Amino acid sequence: MKNMTRLNFIAVSILVLLVSGAWIYISAPDQNQMQVSQEAPSVGFIAPDFELETMQGETIHLADLRGKAIIINLWASWCGPCRAEMPAMQTVFEKYADEDFTILAVNATNQDDISSARAFASELSLSYPILLDVDGIVSDLYNLRALPTTFFINPEGQIEEVIIGGPMAEALLEIRAQNLIGMLP
Amino acid sequence: MFPVFQIGGLSVQSSGLILLAGLWVALTVVERMSSRHKVDPNQIGDLTFYSLLAGLLGARLSYALRFPSVFAEHPMNLLSLNPGLLDPLGGVLVAVLIALIIGQRKNMDFLNVLDTLSPGFAIMGVTVGLSHLAGGTAFGLPSNVPWAIELWDVNRHPSQIYSMLSNLLILGLLVFRVSPTKMPKGISFTIFLGLSALARLFLDAFRGDDISLIFGLRYTQFWAWLILAFSLWQAQKLLFTSEKKS
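These protein sequence lines map, in sequence, to chains A and B. Basically this note's numbering = 1-based index in the first sequence + 1279. Basically this note's numbering = 1-based index in the second sequence + 1173.
One should not assume that every hint holds.
What the hints assert, rightly or not - Not the full set, but computed from the structure, chain A residues with beta-carbon under 10 Å of chain B: (1) 1283; (2) 1317; (3) 1340; (4) 1446; (5) 1462.
Said to hold, decoys possible - Partial list, computed: chain A residues near chain B (C-beta under 8 Å): (6) 1295; (7) 1296; (8) 1299; (9) 1300; (10) 1303; (11) 1324; (12) 1327; (13) 1425; (14) 1443.
Worth flagging that the hints you see were computed from the coordinates, not collected in a lab. The structure displayed is predicted, hence computed values, not measured ones. No residue lacks a Cβ here, since even glycine has one placed at the ideal position from N, Cα and C.
Isolated chain A (complex conformation) (with noise of 0.2 Å):
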């Protein structure tokens, strides 16, 4: 710094914070930028629209669960991790059944067998809807690369977190439960 002096350094620091700030104040967001209306299967996008039967025939949409806490569990049966998360989330599940929340769990059923997925479900007393994506559009929409996959979604519809591999602890699942429930109106 042998050609600055201080007072000199001082100036241009301030000459910087000032240039900062207004960048700063012109950077601000707007309100379209503020609004997130895509739908993607990744942290801060709403979550890709989809219609499923469940294992006992009823349809499920999910844009018509909007307004609750959800959590997205995509797995297959002969996938290990996903069968040993599954009991957590039963547990979640009915824990939190009096409020706005529910649990999906998507199965993969173009990589998976039918009969194993539902004498799985059957074994564990499952009682959270289990959807099955026959053709894998599910696991197409969320872009799926590894079982199990879980995707947490909070009442406006939008995904707060998504967790690839497992299993989850329960503590994991609890904690963001309780999360997702807090955000509910």
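Take the given structure of chain A and dock chain B to it, following the hints.
Structure of chain B alone, referenced to chain A:
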């Protein structure tokens, strides 16, 4: 974008692997460059190892303290491998505390240690950008600039690449332009802190993922401005006080 890749039947999350690889590179570079700052490489190796370990434990304990009833119900989850059960801020605080204790016990100069670690922080900055690119996270605002990348079905600012480039520039400056023998202690870290804050302040305007506001302004930019102001104040103190002394 390549969030997951397969090794045989095993699915590996690329983001985590990139961060681990980056940490290894950062620690290696820091140890090799420690002689420039006249710091014993073994001492800096021990300091980083124990701080990281303490940081990891601290992050888990801090998270558990935020949700005591849940962890009381599932105490074994304290040992869970899920990174989602870590509190980054708590981890950083514990890591810094342990680093201070080790540094004091080994009579290490605090500012000198920070200077030595600075290139490692910049390498981690590059790595974080790469891991975001791999996972498709920390994405940019929609844009039609010629260098836009298609992500989540929309052409966007390559905010992850901006972040990597800015950290590479900072790294280059720290390694090739800042001479520890000619500059006062603490200046490398102050330059790293100030330039990182300036980069964040400028580049966050192009990010489209996390728009949290404070007084109608982006939260991250607001904090980056405060850190920049602190860095400039610290820089003038270091540069001109030491000049007077000499």
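Can residue 1443 of chain A be said to touch chain B, with a Cβ gap under 8 Å? Holds: closest Cβ of chain B sits about 6 Å from residue 1443 of chain A, inside 8 Å.
Agreement of hint residue 1327 of chain A with chain B interface, Cβ distance less than 8 Å: At about 11 Å, which exceeds the 8 Å cut-off, the nearest Cβ of chain B leaves the hint on residue 1327 of chain A violated.
Are residue 1317 of chain A and chain B close enough, Cβ to Cβ, to be under 10 Å, as the hint says? holds, 7 Å
For the hint on residue 1303 of chain A, just tell me whether its beta-carbon gets within less than 8 Å of chain B. holds, 5 Å
Residue 1462 of chain A was flagged as interface toward chain B. Is the shortest Cβ-Cβ separation under 10 Å? Since chain B brings no Cβ nearer than about 15 Å to residue 1462 of chain A, farther than 10 Å, the hint is violated.
Per the CB criterion, is residue 1425 of chain A less than 8 Å away from chain B? holds, 4 Å
Would you check whether residue 1300 of chain A satisfies its interface hint, that is, whether its CB is within less than 8 Å of any CB in chain B? holds, 6 Å
Once the shortest beta carbon distance from residue 1296 of chain A to chain B is found, is it less than 8 Å? This interface hint holds because 6 Å falls under the 8 Å limit.
Grab the minimum C-beta distance from residue 1324 of chain A to chain B and call the hint holds if it beats 8 Å, violated otherwise. holds, 7 Å
With a cut-off of 8 Å on the beta carbons, see whether residue 1295 of chain A makes it to chain B. holds, 7 Å
Close enough to count: is the Cβ of residue 1446 of chain A nearer than 10 Å to one in chain B? With a minimum Cβ separation of about 9 Å from chain B (threshold 10 Å), the hint on residue 1446 of chain A holds.
Does the interface hint hold: is residue 1340 of chain A within less than 10 Å of chain B, judged Cβ to Cβ? With a closest approach of 22 Å, the residue 1340 of chain A hint is violated.
In summary, the numbered hints that this structure violates are 3, 5, 12.
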